[in-house]
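Using the sequences provided together with the hints, build the complete structure.
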Amino acid sequence: MLRKIRIVAACLFFAGITLLFLDFTGAVHLWLGWMAKIQLLPAVLALNLGVVVALALLTLLLGRVYCSVICPLGVMQDIVSWISSRRKGKKNRFSYMKEQKWLRYGLLGVFIVLLLAGLTSVASLIAPYSAYGRIATQLFAPVYGWCNNLLAAIAEHYGSYAFYPTEVYLKSLPLLIVAAVTFIVVVVLAWRGGRTWCNTVCPVGTVLGLLSRFSLLRPVIDTDKCINCGVCGKRCKASCIDTKNHTIDYSRCVVCFDCIENCNGGAIKYKARFHRGKENSGQAGHDGGRRAFIAGTALLAGAVTVEAKKTKLAEGVARIEDKQVPPRKVAPVPAGSGSIKNFHTHCTACQLCISKCPNGVLCPSAKFDTLMQPEMHFDKGFCRVECTLCSNVCPAGAIRPVDSPADKSAIQIGHAVVIPENCVAVRDGVHCGNCARHCPVGAITLVPSSENPTVRIPAVNPEQCIGCGACEFHCPARPVSAIYVEGHQVHKER
Amino acid sequence: MTCRKGPKGEDVSLLGYGCMRWPTITNGEGKTVIDQEQVNALVDHALEHGITYFDTAPMYGQGESERVTGNALSRHPRSSYTIATKLSNQRTDWSKDAAIKMYRHSFEALQVDYIDYYLLHSVGGTSGNLDCMEVLKQRFFDNGMFDFLLKEREAGRIRYLGFSFHGDQQVFDHLLAMHDEFRERGNHLWDFVQIQMNYVDWRLAQTRSQREVNAEYLYGELARRGIPVVIMEPLLGGRLANLPQHDADQLLQRTPGASPASWAFRFCGSHPGVLTVLSGMTYMEHLEDNLATFCPLDPLTERDFAMLDAIAADYVNHPLVPCTDCKYCMPCPYGVDIPGVFSHYNKCVNEGFIDEDRQDPHYRKARRAYLVSLARNLNLLQQAGHCIGCAQCVQACPQHIAIPGTMRRIDAYTEQLMSDTSPL
Numbered sequence: 001m002l003r004k005i006r007i008v009a010a011c012l013f014f015a016g017i018t019l020l021f022l023d024f025t026g027a028v029h030l031w032l033g034w035m036a037k038i039q040l041l042p043a044v045l046a047l048n049l050g051v052v053v054a055l056a057l058l059t060l061l062l063g064r065v066y067c068s069v070i071c072p073l074g075v076m077q078d079i080v081s082w083i084s085s086r087r088k089g090k091k092n093r094f095s096y097m098k099e100q101k102w103l104r105y106g107l108l109g110v111f112i113v114l115l116l117a118g119l120t121s122v123a124s125l126i127a128p129y130s131a132y133g134r135i136a137t138q139l140f141a142p143v144y145g146w147c148n149n150l151l152a153a154i155a156e157h158y159g160s161y162a163f164y165p166t167e168v169y170l171k172s173l174p175l176l177i178v179a180a181v182t183f184i185v186v187v188v189l190a191w192r193g194g195r196t197w198c199n200t201v202c203p204v205g206t207v208l209g210l211l212s213r214f215s216l217l218r219p220v221i222d223t224d225k226c227i228n229c230g231v232c233g234k235r236c237k238a239s240c241i242d243t244k245n246h247t248i249d250y251s252r253c254v255v256c257f258d259c260i261e262n263c264n265g266g267a268i269k270y271k272a273r274f275h276r277g278k279e280n281s282g283q284a285g286h287d288g289g290r291r292a293f294i295a296g297t298a299l300l301a302g303a304v305t306v307e308a309k310k311t312k313l314a315e316g317v318a319r320i321e322d323k324q325v326p327p328r329k330v331a332p333v334p335a336g337s338g339s340i341k342n343f344h345t346h347c348t349a350c351q352l353c354i355s356k357c358p359n360g361v362l363c364p365s366a367k368f369d370t371l372m373q374p375e376m377h378f379d380k381g382f383c384r385v386e387c388t389l390c391s392n393v394c395p396a397g398a399i400r401p402v403d404s405p406a407d408k409s410a411i412q413i414g415h416a417v418v419i420p421e422n423c424v425a426v427r428d429g430v431h432c433g434n435c436a437r438h439c440p441v442g443a444i445t446l447v448p449s450s451e452n453p454t455v456r457i458p459a460v461n462p463e464q465c466i467g468c469g470a471c472e473f474h475c476p477a478r479p480v481s482a483i484y485v486e487g488h489q490v491h492k493e494r
Numbered sequence: 001m002t003c004r005k006g007p008k009g010e011d012v013s014l015l016g017y018g019c020m021r022w023p024t025i026t027n028g029e030g031k032t033v034i035d036q037e038q039v040n041a042l043v044d045h046a047l048e049h050g051i052t053y054f055d056t057a058p059m060y061g062q063g064e065s066e067r068v069t070g071n072a073l074s075r076h077p078r079s080s081y082t083i084a085t086k087l088s089n090q091r092t093d094w095s096k097d098a099a100i101k102m103y104r105h106s107f108e109a110l111q112v113d114y115i116d117y118y119l120l121h122s123v124g125g126t127s128g129n130l131d132c133m134e135v136l137k138q139r140f141f142d143n144g145m146f147d148f149l150l151k152e153r154e155a156g157r158i159r160y161l162g163f164s165f166h167g168d169q170q171v172f173d174h175l176l177a178m179h180d181e182f183r184e185r186g187n188h189l190w191d192f193v194q195i196q197m198n199y200v201d202w203r204l205a206q207t208r209s210q211r212e213v214n215a216e217y218l219y220g221e222l223a224r225r226g227i228p229v230v231i232m233e234p235l236l237g238g239r240l241a242n243l244p245q246h247d248a249d250q251l252l253q254r255t256p257g258a259s260p261a262s263w264a265f266r267f268c269g270s271h272p273g274v275l276t277v278l279s280g281m282t283y284m285e286h287l288e289d290n291l292a293t294f295c296p297l298d299p300l301t302e303r304d305f306a307m308l309d310a311i312a313a314d315y316v317n318h319p320l321v322p323c324t325d326c327k328y329c330m331p332c333p334y335g336v337d338i339p340g341v342f343s344h345y346n347k348c349v350n351e352g353f354i355d356e357d358r359q360d361p362h363y364r365k366a367r368r369a370y371l372v373s374l375a376r377n378l379n380l381l382q383q384a385g386h387c388i389g390c391a392q393c394v395q396a397c398p399q400h401i402a403i404p405g406t407m408r409r410i411d412a413y414t415e416q417l418m419s420d421t422s423p424l
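Keeping their order, the protein sequence lines are chains B and H.
Letter by letter, the first sequence follows residues 1 to 494 of this note's numbering.
Letter by letter, the second sequence follows residues 1 to 424 of this note's numbering.
Keep in mind the hints are simulated off the structure, nothing from the lab.
A hint or two may mislead.
Unchecked claim - Stretch by stretch, here's where chain H covers chain B in the computed footprint (C-beta under 8 Å, at least three residues): (1) 26-35; (2) 379-391; (3) 423-432.
Unchecked claim - Simulated crosslink set (DMTMM-like; lysine to aspartate or glutamate; CA at most 20 Å straight-line): (4) Lys380/B x Asp420/H; (5) Lys8/H x Asp191/H; (6) Lys151/H x Glu216/H; (7) Lys37/B x Asp23/B; (8) Lys380/B x Glu415/H; (9) Lys137/H x Glu108/H; (10) Lys347/H x Glu261/B; (11) Lys96/H x Asp147/H; (12) Lys367/B x Asp403/B; (13) Lys5/H x Asp191/H; (14) Lys365/H x Glu156/B.
Claimed, not checked - Label-pair ranges, simulated between beta-carbon atoms: (15) Ala306/H x Ser339/B: 55 to 61 Å; (16) Gln62/H x Glu167/B: 58 to 64 Å; (17) Pro272/H x Glu167/B: 56 to 62 Å; (18) Pro462/B x Gly273/H: 46 to 52 Å; (19) Gly273/H x Glu167/B: 56 to 62 Å; (20) Ser422/H x Leu57/B: 34 to 40 Å; (21) Ser422/H x Lys37/B: 50 to 56 Å; (22) Pro401/B x Glu285/H: 57 to 63 Å.
If you're wondering where the values come from, they're calculated on a predicted model, not measured in any experiment.
For each residue, glycine too, the CB sits at the ideal point set by N, CA and C.
Right, here's the structure in full:
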């Protein structure tokens with residue numbers, strides 16, 4: 001029974017968080033945004049004390065249910081491990097292993113040192129939630145997007161507006177590689193050894209393990225009833241049941257209840273630490289909720305085979321070359337970040353904001369010290385004054401909530417810089433003014449060019465400019481925009 | 001000042017002064033009152049530049065317009081101006097006594113012993129559950145006011161009798177049928193008629209509002225009978241002075257120095273049956289601008305009329321862009337898919353997916369359909385926002401579409417939908 005509850009809860013959480021990462025309509029976060037906010041590492045970085053204390057209490061009370069229900073990477077490993085165990089003769093493939101203390105605590109130490117050194121993005125390589133975020137957004141989302149586009153094409157054929165296409169493109173090659181490597185490592189470890197990752201690499205698992213040693217409720221083997229069949233140890237994906245000594249390493253147990261359900265003698269009970277009483281006989285288990293997984297996995301596997309539908313290009317459209325990155329010194333970060341430093345020390349690079357950005361402005365960084373963390377590029381869109389989505393979904397406090405568009409329009413994340421010689425007014429002698437016309441705060445004035453007074457080029461009032469990038473996005477100059485946003489180290493209020 | 005011939009052959013300035021919107025100041029008691037000093041200056045300036053027609057009514061300026069206008073005008077010889085006022089009994093009771101009291105008060109307030117143009121004010125409306133014909137009957141005919149006013153005209157205290165029309169065509173037709181009957185008996189009835197006319201209401205009044213009558217019909221019926229026409233609302237309540245940017249741009253392109261308002265006045269003034277075009281000029285700048293338009297009036301050409309027709313159509317209902325997808329404009333050097341933008345927009349217009357009103361229950365569906373179809377048909381860089389307005393395409397277009405202006409309008413609409421950040 002307990003196992004079934006665990007599986008259903010894990011399914012709901014896993015599906016919810018995955019959907020949160022895959023959704024591009026901007027609707028899901030309104031319902032499921034909290035699922036990201038209750039993840040441990042982001043909550044710690046955001047100094048979200050309520051969540052941290054609640055998770056600590058939960059672990060002290062029930063053990064590491066966080067790892068088997070709330071953590072999407074943990075549930076993903078359970079799915080992989082379960083598929084692996086369905087193979088012939090692999091049902092009882094685990095055996096007790098000693099705790100890899102040095103590796104576990106060593107990695108936790110390195111992780112903490114990196115965090116303190118401000119290299120959050122590097123530390124986050126082994127952080128479970130953001131690792132899953134990268135896997136979901138880089139590996140699952142394209143499949144989701146292609147499936148959606150196929151449906152959209154079908155809908156379009158029948159004149160329906162039920163689905164609309166989304167652009168699927170490679171945002172960052174390094175990020176894709178990191179996500180793919182993480183995915184392969186986690187899948188291989190889970191396929192072979194169940195929860196190896198969680199009990200040797202994962203810093204969150206190690207921290208929660210410290211607490212779960214003292215959890216009130218935990219599985220206990222009743223030696224009177226135990227028939228020494230050893231099934232519990234062979235089925236334990238955390239490899240933490242020492243069947244010879246009838247002991248369980250609670251720091252590694254993720255309370256999946258598999259042992260309780262599989263125990264032939266009904267000897268294992270989930271009970272309170274100080275409980276002294278006679279145990280009753282156990283009951284046989286049954287596969288529940290697994291069909292949902294089979295269906296889900298089949299869907300994902302099938303989806304990979306679907307080809308992407310190419311965007312139609314109207315005939316006679318001029319080829320417009322892609323813009324090159326302008327010579328900016330500081331890539332701006334979204335309003336709500338406060339400063340570049342605050343942003344980089346809090347962001348776990350989970351990609352949630354990037355997947356949610358409705359304007360395509362946020363892109364994963366390819367620089368080493370900010371690897372995979374979002375930065376703002378204005379070739380796919382600009383940061384709309386009305387939109388505060390990224391600030392509302394960020395679970396790690398890297399982008400703190402901006403309450404209203406009015407608040408956002410007061411935050412200067414950077415300022416526009418003009419390169420007069422690139423301006424089409426100077427180069428082609430045409431009238432343009434696209435930058436000034438699209439500026440939401442009226443910070444751009446058109447002035448006569450100093451070289452050729454008959455044409456007018458933009459001039460920026462940096463006191464007014466908020467760095468939204470509408471000018472850069474709409475600038476027709478190529479390959480380098482004639483106006484671009486230079487980020488501010490510390491955001492200002494105007 | 002361009003002049004027209006009045007009912008008896010005298011000169012009437014084609015620009016008439018509407019006295020409904022006099023400038024106001026806050027007096028010592030904190031009340032907003034008409035600024036007599038400014039009114040005097042405006043009236044002096046107007047008379048000096050040949051405006052002779054002043055139109056007021058007992059209900060204008062919270063009942064103060066007649067008095068203030070009278071104060072200003074009475075400083076000049078009575079022969080230098082003509083005054084129009086009205087029987088504004090639509091909101092008072094409809095008895096003869098109340099009406100005559102209002103009529104007599106106009107003489108007193110205007111400090112005159114005859115009124116040049118006297119109008120039955122705003123006929124054609126309904127009141128409570130009375131229909132328009134019943135209201136007309138009760139306001140002017142059952143109480144004997146109509147007969148009274150005819151006698152006053154015979155006595156010379158009213159020089160010309162007319163009516164101002166707002167509303168149901170039935171009333172307009174009825175009053176003109178009466179005019180025809182009078183004519184058959186060798187008399188005449190209406191010396192002039194005041195109607196709402198401007199280049200939008202000319203043919204699209206009914207499109208704009210079910211209750212309106214197209215000015216083309218009203219003017220046509222009056223001109224056919226040789227009844228001089230006084231124009232009110234030449235700017236459609238000022239809205240034609242403040243056109244959407246893309247429409248204003250078209251007008252500026254044609255005549256860079258001329259205000260959008262001047263085009264609206266020229267439209268009215270270009271019709272030969274028009275006696276005078278009323279403009280409620282609150283500020284000296286309005287007066288100056290209008291004087292420039294009317295001294296002398298430069299009549300519109302056929303091409304100008306066609307352009308204003310197009311702007312009117314655009315103004316009324318975001319019409320289809322007349323793009324035939326011939327692609328002569330392509331390729332756009334800045335990558336905009338011009339026919340693609342227009343065909344997407346036209347499709348949304350045709351399917352009824354243009355809806356700017358967020359309160360409208362249909363809005364969410366329309367917004368989704370518009371943006372979904374946009375994402376399907378155009379990538380970001382091909383959309384209207386990337387038009388820089390270089391206008392290289394304009395000459396290539398056989399349909400003479402003002403492509404940059406239309407692009408800006410479509411971009412403005414798209415931006416408006418995009419700035420609504422709620423999920424699709």
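- Query: Is 50 to 56 Å a correct range for the gap between the Cβ atoms of Ser422/H and Lys37/B?
  - Reply: Violated: the Cβ-Cβ distance is about 21 Å, outside 50 to 56 Å.
- Message: Between the alpha carbons of Lys347/H and Glu261/B, is the straight-line distance 20 Å or under?
- Response: Between Lys347/H and Glu261/B the Cα gap is close to 61 Å, so the pair fails against 20 Å, i.e. violated.
- Task: Quick one: see if chain H covers the segment 26-35 of chain B, three-plus residues with Cβ-Cβ under 8 Å.
- Result: Result for this restraint: holds, n = 3.
- Task: Compare the distance between the alpha carbons of Lys96/H and Asp147/H with 20 Å, and conclude whether the hinted pair is satisfied.
- Result: Within the cut-off at roughly 11 Å; holds.
- If you check the beta carbons of Pro401/B and Glu285/H, does the distance land in 57 to 63 Å? Distance hint for Pro401/B, Glu285/H is violated at roughly 48 Å.
- Task: Could you grab the alpha-carbon distance between Lys37/B and Asp23/B and see if it respects the 20 Å cut-off?
- Result: 17 Å, holds
- Query: Are Ser422/H and Leu57/B spaced within 34 to 40 Å by their CB atoms?
  - Reply: Since the Cβ atoms of Ser422/H and Leu57/B sit about 37 Å apart, the hinted range of 34 to 40 Å holds.
- Query: Could one say that the CB atoms of Gln62/H and Glu167/B fall in the range 58 to 64 Å?
  - Reply: 59 Å, holds
- Query: Between Lys151/H and Glu216/H, is the straight-line Cα distance small enough, at 20 Å or below?
  - Reply: 33 Å, violated
- Task: Assess, step by step, whether the Cα of Lys380/B is no farther than 20 Å from the Cα of Glu415/H, and give holds or violated.
- Result: 15 Å, holds
- Are Pro272/H and Glu167/B spaced within 56 to 62 Å by their CB atoms? 60 Å, holds
- Task: Using the beta carbons of Ala306/H and Ser339/B, state whether their distance is inside 55 to 61 Å or not.
- Result: 59 Å, holds
Hints 6, 9, 10, 12, 18, 21, 22 from the earlier list are contradicted by this structure; the remaining hints agree with it.
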